[in-house]
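Here is how the chains run, residue by residue.
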Amino acid sequence: MSEGTSDRSADLVSAVKILPEFRGESSWEVAKEKIPELMAALKKEGFTYLADLTGVDNQGEDPRFEVVYELCDLSARRFLRVKTRVAEGDLVPSVSSIWKTADWHEREAWDMVGIRFSGHPDLRRILMWDGYPHHPLRKDFPLEGLPTEMPDIAFTAKAPLEGGPFVTSSALLSQDREPRAHPAEERSL
Amino acid sequence: MSSAATTLEVGDVLARTAEGSATLSGTEIGEKLVLNLGPSHPCTHGVLRLVLELDGEVITKADADIGYLHRGDEKIAENMTWNQFVPYTDRLDYLAPLANNVAYACAVEKLMGYELPPRAKTTRVICCELARISAHLLGLGAFAMDVGAMTMFLYTFTEREKIYNLIELLTGARFTTSFTRVGGQTRDLPPGFLEGVKEFSQQFLGKLDEFGKMLSRNRIFVDRTKDLGVISAALALDYGLTGPNLRGSGNDYDVRRYFPYLGYEKFDFDVPVGQAGDCYDRFAVRMEEMKQSVKILLQAIEKMPGGPWMVNDPKNVLPPKDKVLTKMEELIHQFLVVTQGPDAPVGEVYFGAENPKGELGFYLNSRGGGVPHRLKIRAPSFCNLSILSHLLPGHTVSDVPAILGSLDFVMGECDR
Chain Z
0 MSEGTSDRSA DLVSAVKILP EFRGESSWEV AKEKIPELMA ALKKEGFTYL ADLTGVDNQG
60 EDPRFEVVYE LCDLSARRFL RVKTRVAEGD LVPSVSSIWK TADWHEREAW DMVGIRFSGH
120 PDLRRILMWD GYPHHPLRKD FPLEGLPTEM PDIAFTAKAP LEGGPFVTSS ALLSQDREPR
180 AHPAEERSL
Chain F
0 MSSAATTLEV GDVLARTAEG SATLSGTEIG EKLVLNLGPS HPCTHGVLRL VLELDGEVIT
60 KADADIGYLH RGDEKIAENM TWNQFVPYTD RLDYLAPLAN NVAYACAVEK LMGYELPPRA
120 KTTRVICCEL ARISAHLLGL GAFAMDVGAM TMFLYTFTER EKIYNLIELL TGARFTTSFT
180 RVGGQTRDLP PGFLEGVKEF SQQFLGKLDE FGKMLSRNRI FVDRTKDLGV ISAALALDYG
240 LTGPNLRGSG NDYDVRRYFP YLGYEKFDFD VPVGQAGDCY DRFAVRMEEM KQSVKILLQA
300 IEKMPGGPWM VNDPKNVLPP KDKVLTKMEE LIHQFLVVTQ GPDAPVGEVY FGAENPKGEL
360 GFYLNSRGGG VPHRLKIRAP SFCNLSILSH LLPGHTVSDV PAILGSLDFV MGECDR
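The listed protein sequences derive, respectively, from chains Z and F. Under numbering that gives the first Met the number 0, think of the first position of the first sequence as 0, with each following residue one higher. Under numbering that gives the first Met the number 0, think of the first position of the second sequence as 0, with each following residue one higher.
Source of the hints: derived by calculation from the structure; they are not laboratory data.
Below, simulated DSS-like cross-link-like pairs (lysine-lysine); rule was C-alpha separation at most 25 Å, straight line: (1) Lys120/F with Lys322/F; (2) Lys82/Z with Lys31/Z; (3) Lys74/F with Lys82/Z; (4) Lys161/F with Lys302/F; (5) Lys16/Z with Lys109/F; (6) Lys99/Z with Lys60/F; (7) Lys16/Z with Lys33/Z; (8) Lys109/F with Lys82/Z; (9) Lys109/F with Lys314/F; (10) Lys42/Z with Lys31/Z; (11) Lys161/F with Lys212/F; (12) Lys60/F with Lys31/F.
Stretch by stretch, here's where chain Z covers chain F in the computed footprint (C-beta under 8 Å, at least three residues): (13) 249-260; (14) 352-362.
One side only, chain F facing chain Z, incomplete, derived with CB under 8 Å: (15) His69; (16) Lys109; (17) Arg373.
Positions of the beta carbon are idealized from the N, C-alpha and C atoms, including for glycine.
In isolation and in its complexed conformation, chain Z is listed as follows (with noise of 0.2 Å):
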């Protein structure tokens, strides 16, 4: 889908890393100051519609976060996803502003990993309550959750299940949870 940006200037394309292909879907990595331009130019190429804005957190990784948007054109059919790596506190270019629906997705991306976006009109939590302290989708953060101002509300007692047979534990790092990365004799099957 390289043609999408072929007219551009090259400096944008040469921005773009096309990442590999996987399950028929193209997936292209940018920094994060390209993201307006690109975006915008992806717009008019025929994105029209911003299905879904992410933000992931990859802990131990440097940068540790990535913004995830999977575009659509709808005219073409045709996707594609644009990734952007983040580090802790930097601010990403809000794209609220070619879609509209990328607000309240941006909105959730700081509320729940705690990405934060300049030029967005409205940058508030959306899911959790002003004032919550935590950012609960980032690694760190345990399944039981943290303690905040509202204990009855956001409760942080322990998962009913958790240390028993059949559950993953909520080790820091995804490779550690998987039963299969401990060795038989840790498992507890």
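With chain Z fixed as given, assemble chain F onto it according to the hints.
This is chain F only, laid out in the frame that chain Z set:
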């Protein structure tokens, strides 16, 4: 958030209103009144909270506050195996659990690289369309009730009851079905199920005509829905609206058509599209969609293929129960798949399915093994509600129930 609001009790209406006027800062609050609607209000169909700024009866500013039903499904998903998450998908759009099960299973199968056997595909098509009819029926009944037609709700519930009986026959549960597994379903179709669906479909078309006669030319209903809550096609797509809400505005995007899955390209059906993009058109699109669903159901019954209904990959797919109880190999495989989960490859996929409320998408990020690294649910109701702050200003308070009813959202899915 103002400091006064933090010290007040949660659940205090005055506190919420005070907090609401703080979130709407930037306007002169003088002649204007801030009205706090919800989170527990009959017309919000769950726990949506709206903060409305009124000038007389006209809304000048609106802010939707969601999250009252947030259960952290995405966090939970990162802590369990792929199959264990299926019951959680029941509770997303809890009016169409079967369709959610199918969408989730298809997403994981895309990650695994499976091609389903034809019988499993057609079974899932029946599941999706039954769920669509039942969800639209509830949406229709609740919408009619919101604008003042109580009877409709009782009629649609009678039909829904018949669907629930069929779902019970199929899955053993009426509401929380958890029917799919990675690579297929929990069980094959029970005897008598297809006949039951056929019988339901044939009598349902007549009922649907009755419902249409009760509403579509009803003076009160038309007056309360025509030219109300108008969304243009471009704006709808910009806000990420999908499903009947987008098609009511004239855009014919239907995932079943544009990116066919489960063999939908082999079925003959129409995608109804509205013109005006008002509440009435969204209602009309849903009515027609039910008819098309019946059409798909009858075709699916007609060409239901035989053969296997699970993918053949013993190391990652649950074996049939009767063999688990009698054969050594299958017992071992069952144990491994249940305890460690299907061994997914490293990679990421996005799969969107056409659910009753719109495009339900799953973004799966796998680092290999039995648990997801990140599972994002692209909830159609979440995107459909994001347009409210743009749509509501200019309407009167009495229009709010009609607009909310026509958007037909479910908070369980919106808040996840």
